[in-house]
Structures are given as C-alpha cells and as structure tokens.
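Enquirer: Given chain R, put chains L, Y, F and C with the ligands in place with the hints provided.
Chains as they are written, first to last, in this note's numbering: chain R, 1 to 321; chain L, 322 to 659; chain Y, 660 to 963; chain F, 964 to 1296; chain C, 1297 to 1852.
By construction, these hints were calculated from the structure, which means they are not laboratory data. Quick caveat, the model's predicted, so the values are computed rather than measured.
No more than 16 Å apart at the CA atoms, straight line, and that leaves these computed lysine to aspartate or glutamate pairs for EDC-like:
(1) L/Lys-387 with R/Asp-213
(2) R/Lys-159 with C/Glu-1553
(3) F/Lys-1231 with L/Asp-542
(4) C/Lys-1597 with R/Glu-50
(5) L/Lys-572 with F/Asp-1228
(6) C/Lys-1397 with C/Glu-1523
(7) L/Lys-411 with R/Glu-230
(8) Y/Lys-863 with F/Asp-1056
(9) F/Lys-1279 with F/Asp-1206
(10) F/Lys-1231 with L/Glu-568
(11) C/Lys-1739 with R/Glu-50
(12) C/Lys-1687 with C/Asp-1670
(13) C/Lys-1598 with R/Glu-50
(14) F/Lys-1231 with L/Asp-590
(15) C/Lys-1495 with R/Asp-90
(16) Y/Lys-692 with L/Glu-344
(17) F/Lys-1207 with L/Asp-594
(18) F/Lys-1207 with L/Glu-591
(19) F/Lys-1207 with L/Asp-590
(20) C/Lys-1742 with C/Glu-1724
Now the in silico label distances, taken between C-beta atoms and shown as ranges:
(21) Y/Val-697 with R/Leu-160: 32 to 42 Å
(22) F/Pro-982 with L/Asp-594: 43 to 53 Å
(23) R/Ile-247 with Y/Phe-784: 33 to 43 Å
(24) Y/Leu-941 with F/Lys-1099: 46 to 56 Å
(25) F/Lys-1231 with R/Gln-216: 38 to 48 Å
(26) R/Phe-252 with Y/Leu-937: 25 to 35 Å
(27) F/Lys-1093 with Y/Val-697: 38 to 48 Å
Don't be surprised by glycine CBs; every beta carbon is placed ideally from N, CA and C.
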Amino acid sequence: MLKYTIRRILAIVPMLFLISVVVFFLALAMPGDALSGEIDPNNSDPEYIEMMREKLGYNDPIHVQYYRWITDFIQGDFGTSVKYKMPVEDLIAQRLPNTIFLGIISLLFTYLFAFAMGMYAGKKPYTKIDHAIGGFNYLMLAIPIYIAGVFAIYLFSFKLGWFPFSGSVDIALTEGTAEWWLSRLYHVILPALVLGAMGTASYTQFLRNDIIDNSQKDYVRTARAKGTPESRIYNQHILRNSVIPLITFLGFDIVTIVNGALITETIFTYPGLGQLFLTSMQTNDYPTLMTLALMFSFLVLIGNLIADLLYGIVDPRIRVE
Amino acid sequence: MREVSNSQAILEVKNLESAFMIEGEEYNAVDGVSFQVQPGKVVGVVGESGCGKSVMSLSIMGLLPKGIGKVAGGEIIFDGKHLEQLPDQKMNKIRGKEISMIFQEPMTSLNPVFTIGYQLEEVLHNHFKISKEEATKKIIQLLDAVGISRPNKIIKDYPHQLSGGMRQRVMIAMAIACQPKLLIADEPTTALDVTVQAQILELLQDIQRKNDMSIIFITHDLGVVAESCHEVIVMYAGRIVEKASVERLFKGPKHPYTKLLMGAIPRLDETVDELETIEGIVPTLTKMPSVGCRFANRCPQAMKECVEVTPQLKEEESNHEVACLLYEASRPEEEVSR
Amino acid sequence: MEIVPNHNQTQTSATKPQKSMSPWAIARRKFFKNKLAVISLIYLTAIAVLSLLAPYITTADVTKVNIGDMSLPPSSEHWLGTDTSGRDVFTRLLYGGRVSLLVGVTCTTFILIIGTIIGSVAGYFGGWVDNVLMRFTDFMLNFPFLVFVIVLNAVLFGVISGVWLLIFVISMLGWGGVARLVRSKILSEKENEYILAAISVGGKPYKIIGKHLLPNVLTTVIVQATILFAGMIVAESALSYLGFGVPQEVPSWGNMLSASQQPEVLQNMPWIWMPPALVLILTILSINFIGEGIKDALNPKSFR
Amino acid sequence: MRNAAKPLLEVNNLQMHFPVRGGFFRRKIGEVKAVDGVTLSINKGETLGLVGESGCGKSTTGRSILRLLQPTAGQVLLEGEDITSVKGKKLWDIRKDMQMVFQDPYASLNPMQMVGNIVGEPIRNYYPKKKSEEIKQEVADLLKRVGLPEEAYYKYAHEFSGGQRQRIGIARALALKPKLIIADEPVSALDVSVQSQVLNLLNELQDEFQLTYLFIAHDLSVVKHMSNRIGVMYLGQIVEIADKGSIYENPLHPYTQALISAVPDASKVGEKRDRIVLEGDVPSPENPPTGCPFHTRCPKAIDKCSTIKPPLKEVKPGQQVACVLYDESLLKS
Amino acid sequence: SGGDDEQTKGEGEETSEEGTDENTGEDNPTQGGTITYAIDSEPEGILNIHYYGTATDADVLGFMVESLIDYDENLEPQPNLASWETEDNKTYTFTFEEGVKWHDGDELTVNDWVFALETIAHPDYEGPRYANVQTIEGAEAFNKGEAESISGLEVVDDYTINVTFDEARVNNLVNVWSYPMHEEYWKDVPVKDMLEHEKTRMKPMGTGPFKIGNVVPGESYEYIANEDYWKGAPNLDKVIVKVIDNKAVTGALQNGEVDMVPVHPTMGKDVEAMENVDLVTYPGLSYYYVGFKFGKFDNEKKEIVEKNEKYADLKLRQAMYHAINREEWVEAFFGGYGTPVNAPVPSSHWIAADNDDLKNHYEYDPEKAKALLDEAGYEDTDGDGFREDPKGEKFVVNFAHYSSTNPTFEARAKALTQYWNEIGLQTELQMMESSLYYDSIEKDKKGIEVFFGGWSTGADPDPSALWKSDQLWNLPRWENEKSDQLLEDALNVEVVGTDKEKRKAIYTEWQQLTNEELPMLYIAELEEIMGINQRVGGVEYDVSGANNANEWYIKE
Ligand SMILES: Nc1ncnc2c1ncn2[C@@H]1O[C@H](COP(=O)(O)OP(=O)(O)OP(=O)(O)O)[C@@H](O)[C@H]1O
Ligand SMILES: Nc1ncnc2c1ncn2[C@@H]1O[C@H](COP(=O)(O)OP(=O)(O)OP(=O)(O)O)[C@@H](O)[C@H]1O
Ligand SMILES: [Mg+2]
Ligand SMILES: [Mg+2]
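Here chain R stands alone, though its shape is the one from the complex (with noise of 0.2 Å):
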C-alpha cells in the first residue's frame, strides 16, 4: 500500500509540469497584461506602466519567463499580485481558510443530509416519504447552484432577514473568540448550505439506490439466515457497504468545491479563492491567475489521488498489500 501511495504520488508531478506549462501558455495568450488598463491620469502616469512592465519581466523571451516563473512557484513564492501588490502567497493564505471552511461545512450539510435523506429513502423505499425525498432531490438536481444562491439570498437575507448576504465574519469581534467563530458560522452557513445543496442531492440518491440494490445482495440473505436483526442488517452489513463509494467520492468533492466556490463565493461575496479567482480574471492579475489556476488543477489531482487511495483503503476487496 505504501509502495502503491508513494508510486501514485510521484506519477503527479509530470502531470503537474504538463498543467503549470498549459497555465502559463494560457496566461501568455490572454491579451493584454495587469498594467493594461490601468491608465488614471490621477495615480499613474504611462512612464511608471512601462517601468513597471520592464520590472515584472514582462518583456524578456517566454522560457525565461517560465522558467522564472516555475522555479520561483516550486520555492513557495507565487510572485506578487498586480492587484493586491502583495504576494501571491500571502494573499492566498489569507483566502485559504475561508474557502476551506466553507467547503467543509458544506461537506458537513452534503454528508449530513444524504445520510439522514439517503438512509431513510434506502430503507423504506417506494413510501410516501422516500417518493418527497426522491422528488425533492430531483428539484435540487435542476437547481443550478447559481439561481439556489439567488434565491437563497432574496429570501433568507432579503426578505427574512435571517443570514448575512456577504462577509465572512463580523469585524467587531475579536479574532478566536467563541463570538467570533460563532460569526463565522453564521455567515458561513448560507453559502454553505448552497455549496451543499448541490452534492446532497445526488449522494442521497445515490445511497438510496445503493442501499436498496445492497439489501437484495446475497450478503444480507446470508445475514437474515443467521438471525441478525434488521436494524444491525442496515446499520452495519449494507451501510458499510454503500458507504463505501460515498467515501470514495470525498476526492471528487474537492473538485465540485473548487467548481462551486467559484460561483457560490462570488455570488455571497465570500472573500475566498474562488472569488480570488474571478477578480483577478477580471483584473488580469496574472500571478494570482496562474498560481490558483494551478493550484485548482493541483487540488483536483489531490482529490483523485484521495479517491483512489481512499479506495484502496476503505475497501478491502481492493486493498493492495
């Protein structure tokens, strides 16, 4: 297992060096550059864009610039962000843990309901409570997560009053107080729950049917024959088993976060990295650009190797010695 983790690993780094290469291609073809645009008679004048054009490199040959650029990336420094002007890793460590934070909470809302929807669904299926579960699951499915943060706006914060649209945390409260986690929380749950909203449906679903297609195995006829209550037959034989694979898919969640955070911070202007991202898109802060490009591409290669690995693990029918 060892030897399979560390070859699983090592396989990543040339589809790192692929991706940072595809990046910064990407990043040269866009057009124009950070300074472009930021003509304002009042703050700067065309002499100090072209200096500062000169300073950033910007005009030496394009493998001095990569190599610049990948070689400064593998030693921790991201560069400075044109629009903050400030590094690129300070910039995201400040980032980082709000979009962690809402992406486990929102794990939390995901895991939480399929298992409390999924479950109940799996065990009594073809009910009248498994038929809502089922229809509202295909409603949430038809949702784009865009129009639920739409909505989830104008009716919790808008109209009810009941979660803040924007923000991260109340400013007056000081940093690692229960009062300031608990700020935290509160403004973290909305999105959260958007964020969350868009896997529950499928996982609860998904265990549902696994659940059902679990309790026709043999497995359980065996375990019926043997005199094992019914509870014990779903709490333990079949849960087990369906909850492999929804195990599994804890990889593929950061993929869906990374996708998510893009839309559901932006929409709850959540200072994360997904909304990171989309300013200095707009703002062609291309050392922000290219280091969280990577680095998404870097978590989604994370999140496939914890599948995989994950896998190997939990499952013992696949479990490599």
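Expert: Only chains L, Y, F and C with the ligands this time, still in chain R's reference frame:
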C-alpha cells in the same frame, strides 16, 4: 394414511403456497407443497431451474423478499411452532440457531467488507451472550471442524481472499455454529468444481452424522442426491411430482418427469447414443396453467385429462408418492397427444 | 417404457408468438409508458419549438434598447414585463431559449462525438493507443472545468466570435468524462462473447466497432447525453451569469439571469429574473426526467 | 476412432501467457500462464473432449486454436498447415474453417441484432456478393435444422430461452460449413433437460455434416457422452489424454482418478463409495507450483514431483499420461 | 480614468474626505456610537497612502490620513496640516500646524513629510507616485542614487520647510505629494519591503480623526476614534468600513445594516424612496465620452504617426453628436444623476468654461444630424436604409464598448448605436472585456474606431496628459497645434504668472476649441451619490468629497 409418524418430524410443511407479486398480481411460485423432515434425515429436493426449490426453502426461513413475496397459505410447523405465523423478531431467534441455511453462491453470500471472523462471531452474538474471547475461541474450533487449516489467520481475512471452496466451508461453519436442528442447503455445491464439490459433500455428510442434524438438500444434480440423501422430493413448476426414499426413486422412478430427468443426464457408467430430452421449458410463473398437470404440455405420455384434472400426490408404494394421472385409480387407456 | 423423443417439434413454448420487437422498439414503448418522461418531453419540445419560432411569434426586436419602456412590470402589452433596457422579457425568454438550447445541443453533440471517438478507439485497440489516449484524457480531466473554461474563453476572445467561442471552449474541455465512460463501456462490452463471435465469423474491425460495439455502447451514450445536455445548459447559464459566457448582447437565459446581480432588479423586479430562472429549472428538470426515462427504457435487463 | 488417417488439427506445446499489468504506467508485473504447453490432435470427424476444473485453461486453449488469441508459443496446425501466426487475409480465410460455440448463451448473441442477421452475418462476411434472398433462404434452412421456428428470423435474442439461444449460436457456427467446431462449454449454462436437447443436436449435426468437434466442458459425464477421446487438463496442461473408455475404466493419472471418483453417481444409491477427496484448491495460474502442477494436491505425490515436470507420454496404446509414476526414466533419474 | 462606473466613481478624491469647514455641525452633537460605512467594491488592502492604487483603498484610508493641503468646493487648495507661501511658484515655504499627533502619540513634524518624499523618490519605491515628487529639485538625482537627500528640501525647523521645484509651474503646489509619513514608525522598514509590510496591510498609521482597529483583509476595517485628534475628538466612537456586494446595497441600507454607502445611479430612485435614508448627491469629477481614432501613436517617438481619415469629417462627428439624446440617455442609464457636458472638463472644476461661453450645445436634433450628413455627402445610395460614405461605399460605424458583469453596459452602448442607426448611420457594437479593451485602445489596435470611455480628473485641472499630441493617453490621437499651445500656455508661469483668472481664460479658450473641433463627443458628467441613514448627522459632501469625519455623529 400419508403421515405415519408425524409427531416425530422436525419439520412439517403442509400445503405450502408462496406467492409473488408480479405487475400487481399474485402468482404462486410454490403451490401446495407438503412434506416432512424426520430428525437426522437428509431430504433431497431436485427439479429444474425455476421450479420453486429456492422459494420453498426461503419460505421456511421466512426470508422471502418483503413486499414482493409472501407465504400465501399452508403451514410450516417446526418443532411444534408455526413458523408462518411467527413475527420477525421471534423468527430471528430461530434463524441461525435452530434452522440455518447455506446458499448456492459462496462468492456473494459473504459480506465483502467484514472479516470472516466478524461474520462468524455475529451469528454467535445473535443468539448467545458470549464474550469476545469465547466467541473467537469458538469460531476457531468451528473453522477447524469444517477443515480449514490455519483458522487463526483466516478469521482476519476478508472473503475475497478465500477460494470458493473455502468460502463454502465458512458458510457451513456459520450454519452449524449454533448446532441447529435443521440445515437447509440450497444448491451448496453447484458453483463449485467437482473436486471441491466432493470435499464439501463429504464434509456435510460428516457434520450431519456428528451433529445428528436434519438437512434439506436442494440440488438439480441427481447424482448428488443419490449419494447424500435419504429421501427425495422431485419438484416441477412449484409442485411436488414425486416423493420417495432414494433407493426407491432411483430404482423405479414413476413420474414421467422424473424418468425423463434421469434419462436426460449423461452418465459415466453407461453409454447411450442418444439422451432423453424434455422438450419445452418450465413455464414462467405468469404462464402457469391453473388446472391440470403442469407438466402436461411437455409430457410425452400426456393424456386428455392431464390438462383438466390436477393430479394429487398419492402414495403408490410405501414410501413412494407420485402425482400423476397415469397412476390414478382409473387408468385411462388412451394417450392423447398434445 | 419407451419415450419417443420428438426432435422436429418446434419450441413455441407456452407463449403465443408475439410481434417481434427490436430492443429499440421495446425501449421506445417503455419510454412512452413513463408519464413523467413524456410530459417532460412535451415540455422540452414546446420550449424548443417556441424558441425556434421566436421570430414568428413575437415581432419585438430582442436587441433593441427601448429607453421609454424600461423596467415595466408585466402587462397585457408585455406579458412578462420589460427589463432594465426596455426589452420585452417574454421575447428575450424565447430568444434566450434559442441560445441556451443551441449551446446545450451543440456542446453535447461535440462532446459526445469527440468523447466517443477517443473512448472507442482507446477501448477497442487497447495497448499503447489506449495508454496514450487515456493519459491525455486524464490530463484533460485534471483541469477544473469552470476555471479553465473561463481562462480559455478569455484567451480565445476575438479568435472565434460570439456564442461559438463558448461552445468551442466547453467542447474542448468537456469530453474527458465521455471518453472515459465510452472506453470502459467498450472494454466491458468487448469482453462479451458476441464480440468474439463476430471476430470468429470473419468480421472486420470497422464492422465490429460500428455494428456490434457502438450500438451497445450507444445506450450508455444516450443516457450520458441527457446528463451532458442538462449540464451544458447549466454551464452556459452559470458562465453567462458570471459574465464569462456568451457575449452580453446575445440574449441567453444566463445573461438574462445576470440581471439579478443588480440589487434593484433582484429585490423589486422579480419579473425580470424569475422567468428565466423558472424556465431554466423546468428545462433541467424535464431533461433529467427524460434522461431517467431513457435510462429505464434502455436498461439492458429488459432485452438481454 | 473413426478416421485415424490424418489429424485435422494438431496442437503442439501451445502456450498462452497473459501479462498481468499493474501500477500507474501499466507495466507488466507478472504472467498468467493460462495455457502452458498443451499438445493434442483431433482427427477428422472425431470429437475430442477437454475437461478440467474452472480456470485450468480450457477456453484459452480453444480461443488460441481459433486464433482469437495470439498464442505465446507453440504450434497450431490445421490440416497440416501451420496457422499459428498467420495474419490478415490468410487468417480471415482460415477462420471460415473453424467456428466456435460459446458458453454463455446470453453474452454470445448481440442483443441489438435480429436473429436472422446474427446467423447470416458469417455468410455475408465471406460471400458479400451473394444475393440477400439466397442468404435468407440459407439462414432459414439453418434455423430449421437446429430446431428453431421460422419466425425466429425476425426476432431478437432476448425473446428466446437459454436452450434456444444456444441453438442460434450453433446455427451461426454452422453457417460457413466449417471443418472444425470448438464448443466451449456449450451446455454448462443450461438446465439438465435443455442440456440433453443441445447435446443430441450437436451429435446429429456431427453425423450430418461430418463435423469435427473440440468439445470443452467441466462435466466429465457430459464430455464422456460426447467424445471419442478425452483430454484432462489441469493448470494449463493436459495431464492425461485417452479414448473415453480408458479414461473412465482405467484412469492413470492421479488427477483423472480423483476427478472421476468425485463425480456423484446416481447408480450408487446409498452405497458408501471410496471417494478420493483431494485437498485444497487449484493453485493460481499466476503462480503455478514448480514441477508437476498437480503435486500440491496429489495423494500419490513423491518428492520428485515437486521438481520434475513430467511430459505427456504414451503409457498404453492411445493413452498418454503426464505423470512421473508412469515414466520409468523419470522415476529412476 | 479608464474603467467602469465603479472605477470612475470617487476617483480624484485622493485629497478628499477631510474638510476644513469647521463651521458646520450642530452645537452639541451626540457623542459616541458606531456607524457602518460601506464600499461596494473590494479594496486592494493597501492601507498606505503612498502606495494605494484604487479609489476604494482611498475611501478606506480617508478616515485616518490627512493631507497637508485640502481642497474647497471649487477644488482650490486650502491649508490643512500646513499652510504655504510662495513668491515665484518655484520655491514654497510650508508651515506645519503644531501639536498634530500621529496615532501613536508622536508629534507630526516636517521631517515626516521629508521622509515621505524621500521614500517615494527612493530607487526601491514600487508605488505609482514618483511623478508627484519628480518635480522637486534634486529628486531626480536622489532617485538615481546620486544624492543622499533631495536638495530641494530645506528643513528650517520642525514646523517649517522650504521646498524648491525644478522650475516654476503654476501647478507645482497641487501636484506635489502632500502626505507625511511617520518617520519614527517606518524608519526601520527598508523601502523595498514597505508595500508588502504588515504596517501597510494591517497597521497603517496616520494623523486623521480615526485610527485603525481590526482589519479583515478584503472585507472590513474597524476604525476607533482618535481622541487626540488635533481638530478635536470625533463624535463617533467607531466607524466600521465594510465591503458589501453591490446587490446588497439597498437591502443593507434599508434595514440599517449600513449607515453610509455610495449608491449606483440606477439605485438612486430606490434609495431616495427609503424613509430611513437620505440620498446625498454631490458633483463628480468624471465624464463619459465617445472617442474617435484619428491616427496611431508611436510610443517610442512620442508622436502621432499615422492618420485615419474615416472620421476626419467634422460634419460627420457633429451629426453623430446631434443624433444622441443625452438627457434621455443619462436619465435611462444613470437614473438622471448626471448632466450633459459640451467640453472635456467637469463643470464643478474651477477651470470649467461657462456653458454659455461654449459655442455649441449639440442638442438632440436628429433632423439637423441628417442634414449635416447630407451636406457632407453621406447619403443612402443603394436604398438599404443606411447611408454610404461620400464615395458611395458602404459605411459602418464600428463602435466599441467595454464589458463587465454589469449588464447595463451593453444596454447603454446599444442605445448609442441605435441613435446613430436612426440617422442612417449603420452602426455595429462590439463589447470587449475591460482590460483587453483598454489595451486595444492604448495600442491603437485594428478594429477600434469609435470607442466609449470615461475620464476622471483630479484636483489639478491640467488636462495635458490626456490631450497633448505627444501623450500616450491622448487616446483619439488628436493633433492640434492650437490645443497643444494653449495647454502649454496655461501651465507657463511666464504667461499666466500666478493669476488664476488668466489661467482660466486660457482653459476656456481651449475648451471652446475642443467644443468646436469635437475630437470626441462629450456625453455627460455624473453626480456622486451617497445613501446615508438618517440617524447619521453632520455629514456634508461637496465636489472634494465629505467633510471631516470627526464631525459626524449619531442623532438621538
Ligand atoms: N423475487 C422474485 N420475484 C418474482 N418471481 C420470483 C422471485 N424469486 C423467484 N421467483 C420465481 O419463482 C419461481 C421459482 O423460483 P426459484 O428460485 O424457487 O427456482 P429454483 O427451483 O430455486 O431454481 P434454481 O435452480 O435456478 O435456483 C421462478 O419462476 C421464479 O421466476
Ligand atoms: N484475457 C485474459 N487476461 C488475463 N488472464 C486471463 C485472460 N483470459 C483468461 N485468463 C486467465 O487464464 C486462466 C484460464 O482461463 P480459461 O478461461 O481458459 O479457463 P477455463 O478452463 O475455460 O475456465 P472456465 O471453466 O471457468 O471457463 C484463468 O486463470 C483466467 O483468469
Ligand atoms: Mg434456486
Ligand atoms: Mg472457459
């Protein structure tokens, strides 16, 4: 006249009807089956695929798929208890402890995500208050008893790490863990290779003798029946067509179906140019004729009445019952082609 | 006892000879028995037809800004009111459907074509071909879809014009999943003995792929198509909502919805954003139902 | 033996090793020696039965002979012509003479095709110029011959029972009037009653069309019923090959002996037989034992067995065995 | 400035926020309380006036930093932290207020200003302000590392300093960098590290009425009253500056979650209708225009090298101008919070020419427009409803506009094209992503012919950077000797001396010229709008921005 010593029977099935819901209608997959199992005896059940062998055994276990299948009529009396009336919880006390069952597919009958040890322990925990150490000790003994070497290691293994034969041994260990009075073996060797099948048959016979269990042995292999059973039930399309002791059945099969079945199987010890064939197939549940002999449309000896009169199981000789109009009191002369 | 075996007797079994039905016909019949799917199909067809016929249904100019008619609530003249540019919402809804469905259909088609070709070539030939193609597919799949659609969209701006840019970009980035799916389906289908049989009776590779493999893979592909179709419509609208989709001057449901980013519209003019939101949700819903219907109808258990 | 003159098919030391790939770069990390040195010959009009336990390489042998797989080593001769490594058009031509009946009547028919097309496909492949009415007539004849109703032509596989499907498969195999038919467990998926129909049909067809069969099965009694000679396979090798009488009455190889004694016998009602019960399971072909493949389970194994791999040797006329016990030279060495 | 509404808004206010008007305010405003001030786009978080780049950062900074000079409602410089005197517009003597304290309690001295100027002139300095220091004598040498200090700075005592510029200019005062930088606080930080330093990001230092509390980067900033503020302790205890999403603005105002927030013109009507909120408008300093490309600029040679004749005909431009209904357009897309202008100077600027002095007012008059086109020979010769050019060839106006997520951009651009279509000029619209857009315009890329833009001006009225023919940002590539001459004259001390009126006269002449020559079509200037909760008192806005925040208070 039929039941000579019904008081002694460990299991008595009377007129069992098991029905399935198919597209909103009920169909009997087992239709009026009656038989007894005496203590310490092995009863073989043979018949083509789809004739209701499994459904019958699941009915006894109370394991018909809920909502789709149910026992629609008749009685199942085990050890004086009417199983068909028992609620699930009470049934759970009996399953695995007094009646246990092993299945055809050793590959899928074990839960892939639990260790062998865990699954074996479970049956003990289901029925006894027993400490973990004791349980482990017990299961190692059990595995030993079914001829698994190095049981200490096996209990930590997962099912996929075992071969088919080993798994079937584990299933047997599981089934005999609580020393049940009755074991239902539903085609326990069909999926195995001949050499492994021989091992398992040997093992079952051994255990049966040691524990003085009764076994209902379901198979479609007449050879297996001949070698390991005391009595045989031949089923066709949800009904019993013939019932006899092994010796009688193999020496003088009476029902045309039984005869054809025997003739259709090539045998090692004799050479025939041509095998018997039974034309057609077992009718599917929904196409089952409601009156008449269900074999009539495939029977080379079928008569006009066969499609009108439902034959009853009648004792033809002692310990040999058959359900066929050919053996009814007024034997009609004329044979009717279909 | 002599039993005369009767070989010449044909096996009509107990069933009456039935009109023979191809698997497709069975699937079709099963599909049309599914009420939800049929209703969805009707809805989707209606939306598609209305969108296609938009120029004949309404005479209003979709792009023209009408300064005098801005932000009017629904009335008999403007059934769904007008937006902040004075354009008739109903008209835009119809035209928006054209664009959204066009993007959905074309992206789905391109993705399916690319994915199926790559997947079936990799799956059928195996070996290094498979290796190379699948590494490439993995590589493509490592790009977070939305992120790279946005980036690529910016890179190619001006190279390809208008809606086709988005379609191109989405198709380029979206085929990975299909390729994988088709490949694995081909691999499992290839294991079936009927493929061996086809080879052993002298079938040529193209014939085997085309006649034996693809029709059987098609069932999977069709189901996947519905999922993709819904996904692509959502992707288009989400990107347009974020401002990275089809050009703003082109009416699409996503572009219409992006009006909800203006607070006064979101709060006080629900007629501007609710209709596209609802139509979009219903469309996705109906596509999903149709997909489920097809999936059930094509369930191989029903004809294998 | 009906025709001892010249074998239709000869197989010499056939080997088929599948690579086992693993890891990210899918490197070869091992080999499954599915077939590891099979030698046999089949005469015209004869049926050679091949028995063995699951996974011992029967199907692989069949497929390698048909060149559906490219053998790793060895030689396949059809009517004296070496077809081990023919390719392209040549291979295509040769396939006409050899056809296969498959094990799984469900997986071996394309569910999307009409039965008429399935059966007619070989004809259309090889005689593209034939008129479609002609083909249709031929197919109708074939269907009739295997006992299928006329209207079967326009039906799809899913409308038939297992036995009928197997008949369709047989009709397809017959369509090109092949010289050799390899029947790979054609009845093991069928119920007893149906099984006998198919077996009888195969026998009739053999007589009618002078077919030669390689009949693969794991059921010894079925093989015996069908074959003139029988080869017993174990772990990729033939351990004994002889005519059916000898195999049953006088099996020599310990494995054959065990195999025969393991078959339940309906004639021995109530008797307690002296069964030879083998220990353990068949070893994995990925990791076969050294020496005689059977020595790990062999009740008569001696020390030598774990080191010496005995070749197939004629012990009695027409009976070849691969066992140290019958090989004087090996025993002494 | 380049940029969309959000960007233009509030720009040119680097010097704003602190008023000198101490006269306003009630006699006894309530003490204490917190107000929430919202900004609707995310600041970059550069809380250092010497480095900041966006208006939102300036908004955030406004509560805590002050300038030496301030501007009144006519954008005339007024003394604030310092007063000044000059004889010749070359050497100035600045006298600092005494007793002004930095937030850490140290006193402000002229050295802090010298420190600021030397920081900006330092070779390692990475901000955009060097142009504001460059004009001081010796700054160049210091910048090149040739001198230890800037020779033009002569410290007399802690409160007095003489500053000598490299030459006499009329705008030396408004141009020079006028913010001090706390030397004690910063001296240990090397200049190259300043931009990224924590003191810039999280712990800024100033002399203003509020000092910094908590900072949640990109999200919110907490300000605590500076009790030692030299103009008197603020009434409020706290100000929270919070970034909120544009779409949340009205909701937040309505439910009192924010007290003050800049409002987008399209939302003006909604805010006006709120009972708990006052809508405050004040003149802005930006204007929108439609530009034409008359040629190409060579950035190396600093001259216009190629000519583009397509829009050279003045009548064509005039016709296009008359075709636009500017009142209607402003009403529709800016909620009426703006007025048409006829020359490129916002009317609240002191140099702005009186509208009556401008010859043409270019009223909406499609008939006149058509007549002009007819006269110029643009006639529909092939009967397709659109005019061909005088040579009879197809004539299409290619109009470009930047795009963003804001859907109104497309509508307002489209509306312009419709005006032109109506007079028979076939117009095609191209929406382009902002940065690509400005890049294309700046580089005179193909396809850019007629373009939409906006400029915002600062306190310094000099329009040279945008209009002289040797300037990169003269985007239309308009070359006019008279214009160049006038712009030079207006800055020439020889010509105008220190006489403001004289200077204004020259600028008026220049505006008349641009009004007639129409190198661009001036569309409108916008008002700035603030939504202010009625519980907040003491807030006043003029063209220079808000009054000093220490006067703000919460009503009972
Ligand atoms: N879950 C079910 N739903 C509907 N019909 C069923 C179900 N299970 C069994 N049947 C039907 O009941 C009949 C008897 O099936 P059963 O499984 O008992 O046959 P069997 O004799 O055990 O066959 P085999 O030898 O193949 O195991 C068959 O016709 C079968 O189709
Ligand atoms: N394509 C393949 N790749 C790798 N291993 C294979 C492949 N085909 C067969 N094998 C392996 O080769 C061995 C022999 O397989 P084969 O199918 O020939 O056995 P068989 O005797 O026909 O068994 P059965 O009775 O189950 O059909 C098995 O261990 C199998 O797993
Ligand atoms: Mg069964
Ligand atoms: Mg096989």
